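Using the sequences and the hints, build the whole thing.
Residue numbers (the working numbering), protein chains in the order written: chain W, 1 to 439; chain R, 1 to 531.
It cannot be assumed that every hint is accurate.
List time: in silico DSS-like cross-link candidates among lysine-lysine, alpha-carbon distance up to 30 Å [to be verified]: (1) K119/R with K325/W; (2) K439/W with K159/R; (3) K180/R with K159/R; (4) K245/R with K2/R; (5) K159/R with K216/R; (6) K2/R with K216/R; (7) K245/R with K439/R; (8) K314/W with K373/W; (9) K119/R with K2/R; (10) K216/R with K25/W; (11) K180/R with K2/R; (12) K245/R with K439/W; (13) K198/R with K245/R; (14) K314/W with K439/R; (15) K314/W with K439/W; (16) K245/R with K216/R; (17) K119/R with K180/R; (18) K159/R with K119/R; (19) K198/R with K365/R; (20) K159/R with K198/R; (21) K216/R with K198/R; (22) K314/W with K159/R; (23) K439/W with K198/R; (24) K25/W with K314/W; (25) K439/W with K373/W; (26) K314/W with K216/R; (27) K314/W with K119/R; (28) K25/W with K132/W; (29) K325/W with K373/W; (30) K198/R with K2/R; (31) K314/W with K325/W; (32) K2/R with K439/W; (33) K314/W with K2/R.
Since the hints were derived computationally from the structure, they do not count as laboratory data. Computed from a predicted model, the values in this text were never measured in an experiment.
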Amino acid sequence: MSTPVIPVTAGTPGDELPGAAVLGKISYRIPITYAVLALAALLGLVGTMIGREGVWSQETEFQSRYGDQWFTIPNFSVPSMLTVIVLTVVLIAAAVYGYLLTRDRRTAPLWLHIVVGLAFVLAFLTWAGAGKTSVIPVTSLLAGALALSVPLIFGAMSGVICERSGIINIAIEGQLLFGAFAAAVVASLLTAPYLGLIAAPIAGGLVGALLAWFAVSYQVNQIIIGVVLNTLVLGLTSFFFSTLLADNASTWNARQPLGVIEIPLLSQIPILGPVLFRQTILVYLMYVTVIVLQIMLFRSRWGLRTRAVGEHPKAADTVGIHVNKRRVWNTILGGAVAGLGGAFFTVGSGLAFGREMSAGNGFIALAAMILGKWNPTGALVAALLFGFSKNLGNVLGTIGSPMPSQLLAMLPYVITIFAVAGLVGRVRAPAAEGIPYTK
Amino acid sequence: MKLELRGITKTFGPLVANDHIDLVVEPGEIHALLGENGAGKSTLMNVLYGLYDPDGGQILLEDRPVTFDGPGDAVRAGIGMVHQHFMLVPVFTVAESVALGYEPAGPGGILDLQAARRKVEEISERFGFHVDPDALIEELPVGVQQRVEIIKALSRDAKVLILDEPTAVLTPQETDELIKIMGELQDAGTSIVFITHKLREVRAIADRITVIRRGKVVGEASPESTETELASLMVGRSVSLAVDKTPAEVHDNSLVVSDLTVLNGSTPVVDHVSFTVQGGEILAIAGVQGNGQTELAEVILGIDEAAAGSITLDGKELLGLTVRQRLRAGIGFVPEDRSTDGVVSSFSIAENLVLDLYDTEPFAKGVSMYPARVAENAEVRTQEFDVRLTDIQDPISTLSGGNAQKVVLAREMSRPLRLLVASQPTRGLDVGSIEFVHKRIVAERDHGTPVLIVSTELDEVLALADRVAVMYRGRIIGIVDAREAGPAGINRDVLGLMMAGVPLEDAVQQAASHQSTLAGADALADGKDLT
Numbered sequence: 001m002s003t004p005v006i007p008v009t010a011g012t013p014g015d016e017l018p019g020a021a022v023l024g025k026i027s028y029r030i031p032i033t034y035a036v037l038a039l040a041a042l043l044g045l046v047g048t049m050i051g052r053e054g055v056w057s058q059e060t061e062f063q064s065r066y067g068d069q070w071f072t073i074p075n076f077s078v079p080s081m082l083t084v085i086v087l088t089v090v091l092i093a094a095a096v097y098g099y100l101l102t103r104d105r106r107t108a109p110l111w112l113h114i115v116v117g118l119a120f121v122l123a124f125l126t127w128a129g130a131g132k133t134s135v136i137p138v139t140s141l142l143a144g145a146l147a148l149s150v151p152l153i154f155g156a157m158s159g160v161i162c163e164r165s166g167i168i169n170i171a172i173e174g175q176l177l178f179g180a181f182a183a184a185v186v187a188s189l190l191t192a193p194y195l196g197l198i199a200a201p202i203a204g205g206l207v208g209a210l211l212a213w214f215a216v217s218y219q220v221n222q223i224i225i226g227v228v229l230n231t232l233v234l235g236l237t238s239f240f241f242s243t244l245l246a247d248n249a250s251t252w253n254a255r256q257p258l259g260v261i262e263i264p265l266l267s268q269i270p271i272l273g274p275v276l277f278r279q280t281i282l283v284y285l286m287y288v289t290v291i292v293l294q295i296m297l298f299r300s301r302w303g304l305r306t307r308a309v310g311e312h313p314k315a316a317d318t319v320g321i322h323v324n325k326r327r328v329w330n331t332i333l334g335g336a337v338a339g340l341g342g343a344f345f346t347v348g349s350g351l352a353f354g355r356e357m358s359a360g361n362g363f364i365a366l367a368a369m370i371l372g373k374w375n376p377t378g379a380l381v382a383a384l385l386f387g388f389s390k391n392l393g394n395v396l397g398t399i400g401s402p403m404p405s406q407l408l409a410m411l412p413y414v415i416t417i418f419a420v421a422g423l424v425g426r427v428r429a430p431a432a433e434g435i436p437y438t439k
Numbered sequence: 001m002k003l004e005l006r007g008i009t010k011t012f013g014p015l016v017a018n019d020h021i022d023l024v025v026e027p028g029e030i031h032a033l034l035g036e037n038g039a040g041k042s043t044l045m046n047v048l049y050g051l052y053d054p055d056g057g058q059i060l061l062e063d064r065p066v067t068f069d070g071p072g073d074a075v076r077a078g079i080g081m082v083h084q085h086f087m088l089v090p091v092f093t094v095a096e097s098v099a100l101g102y103e104p105a106g107p108g109g110i111l112d113l114q115a116a117r118r119k120v121e122e123i124s125e126r127f128g129f130h131v132d133p134d135a136l137i138e139e140l141p142v143g144v145q146q147r148v149e150i151i152k153a154l155s156r157d158a159k160v161l162i163l164d165e166p167t168a169v170l171t172p173q174e175t176d177e178l179i180k181i182m183g184e185l186q187d188a189g190t191s192i193v194f195i196t197h198k199l200r201e202v203r204a205i206a207d208r209i210t211v212i213r214r215g216k217v218v219g220e221a222s223p224e225s226t227e228t229e230l231a232s233l234m235v236g237r238s239v240s241l242a243v244d245k246t247p248a249e250v251h252d253n254s255l256v257v258s259d260l261t262v263l264n265g266s267t268p269v270v271d272h273v274s275f276t277v278q279g280g281e282i283l284a285i286a287g288v289q290g291n292g293q294t295e296l297a298e299v300i301l302g303i304d305e306a307a308a309g310s311i312t313l314d315g316k317e318l319l320g321l322t323v324r325q326r327l328r329a330g331i332g333f334v335p336e337d338r339s340t341d342g343v344v345s346s347f348s349i350a351e352n353l354v355l356d357l358y359d360t361e362p363f364a365k366g367v368s369m370y371p372a373r374v375a376e377n378a379e380v381r382t383q384e385f386d387v388r389l390t391d392i393q394d395p396i397s398t399l400s401g402g403n404a405q406k407v408v409l410a411r412e413m414s415r416p417l418r419l420l421v422a423s424q425p426t427r428g429l430d431v432g433s434i435e436f437v438h439k440r441i442v443a444e445r446d447h448g449t450p451v452l453i454v455s456t457e458l459d460e461v462l463a464l465a466d467r468v469a470v471m472y473r474g475r476i477i478g479i480v481d482a483r484e485a486g487p488a489g490i491n492r493d494v495l496g497l498m499m500a501g502v503p504l505e506d507a508v509q510q511a512a513s514h515q516s517t518l519a520g521a522d523a524l525a526d527g528k529d530l531t
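This is the structure we're talking about:
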């Protein structure tokens, strides 16, 4: 075996062969998205100039005060028209800059997305609040957005845990609902909201265990089981609600709010402080879940094995990892996380349980997970975006905006379509997702 | 470590994949397991690796019986395996892939990636592998991915290394490097089981050869045996390895591809490719898998889109036409992946034979189809192409690979052809079917049809081609005339070097000054034949 090996000198065919480089088609998704936003701002502006009397003297008032704080920024007003004009110019400039970048085959930087997003939202708020007696409550807008996001974030984390290991979890909706139900009932019976936080993940984990059982042992199509489980949970909780909870509300379904825990110092940060750090333990648990999951998924033994099982289960099997066992445990864990998120609807918000109270949040959570490319932090950002756009609709509805309320209700979905089609583009799911593993 | 298998039996339903197989691998030995596709080699090794439970028989390590519940047990016992389809997660780094399952970790299960990296570097250095621990698997060439697999096995102290068809994806030069690595492992005391169906390799590499046919051991052979001897042992009858064909008679009709570029995203996968195939000749596109041949074949049929260039058939531009228009223009297309692109596996054999013509006369008129005519057509075609079947209405998935491929050929050659494009026409087929497919392809060429073959098997290229174009990273490195083939001009080594990206003249020079291991073994064996 000592025959010499031919030294292969790497060929460089590119140098001597003719023909200029043929480049692929440029995708103008991002500048088009920017341009649409700029156009929307411009139309609103022009429409206002034509339609409203005395627009130039109108002002928009913003408020950032929220509860007691050591120092607060006083309410401030800006001249509406001028602000909108400036912001529209910013948007147009961003669209042009984005076009130039894309034309030269460069990618738009992250800060440009942020600038465009902020400019559009501020322009919209300024326009909506122009000439109104009511102020735009910036801090409560954000606080409400976070509140609406909490179950979405828990649900999206649940999706990440399951799908990274190869199980599609459509049952997030059911897990949220069952978690909400269990938390309300246990907290009410024992008059202890914190015990509700223990019951909720158990309930969610139970739904996860059913999903895993059918998906792994019987290899039933995972989407179908997910849908069936959602229906099952909806039926069960509605049944118990009407037979038990509604009649004996004081015993079975009394409000048991979790106490607000204020973190010293941090909660004094202007605007964001009270939003982030004057919350219940459930919200702090949400922060911990996202951070821990992000680290564990990419830096731990558990995460490496989970990802291997979701990408290439056979490879995992050949190194002695029990693929199906891992999938079952991950699905149960994922269910538990979603169940915990469900507790936010009841004890987390200080409400009693209500029929169908998860209201499609599980599906939006799934969308947030995909939008976040199966990454905990990405899913977090996406879920916050959903929460914000939904709350924006709510707030504008109450202060009264020039837009009809039906259009405002569409806002989260319009933003979703824009975000997915315009900014995120192609996403790559875990390769073995939804495929049962057999030897 | 000494490995012994005694009477291993494994059945899948009525199929007996392994029938009382005995095998002894001595410490530090390279033992080749030779057999055709489907002979049961991989099943046997999967039993040994704990992936399958045997229905009978015993595994002995150092003369002690062992049982494996899963691959984990086998690995602990010192058995390592490099699978034919690599067991690597594409989105992982090399260090992560090697660590998986045996991760060095700190408190809380947090990975110690530094330790994993060091392990890769250490083994990589010891055997001269040149593998970067931080590279992403999906960005590595297959030859390097294979080394990662070997590092994986070695990092778990494998004493017996099973290599399942390790050369299937390699260039001849990469094969040489693999042979060198195997020699070093052998010197370090590792026993190697080398699974293959390639006759030349076993003679160059193996200390001993065990031949398996239809799940049974049919004999042992020494590396001094000739290829013909090994082939007849493997197939069970004498076979002719050469394809009989007369010199090409070239006609005027032709396929002209000029300056063709195909993009995947923004990377060119076919890059300014130009060539001509004339009627009555076979042009083979040679190259390692994944150098743009697949895309080239698909863009000719129209299932891939060209970014620039032109493809004309008898002077008529094909680009811009739909797939159906191109088929009706007389293109016959044998796709690379028979089971996903060649047939609809749940359809019957008869239906699969009219997939391209189901909506035309005589099979259909208006909205109605004529099943009797479809069946009649199937009877004729399957007889002509010697398809072994029980009923033409059975789903095509009941056929063996060879017979299914004959159905694809029968369908594609049932129209009057102006061009035949065949991708990997004999992949996974038994020797008998290979002979048949090769004969039909040569017959089509003798009809005066231009034939374009895409193949990664150098043996097949050399057997069929009148001219050979070598593709590397989407470009054609050179086109050589197979008639000039010979020891002085174009040979296996030259083509192999071109497949690694070396331009023609350099390849001829390099091949003349260094003889490859395989060529050396050929010379040795040929010398023996003479005496």
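Violated hints, by number in ascending order, as checked against the structure: Violated hints: 4, 10, 12, 14, 16, 19, 24 and 28; rest satisfied.
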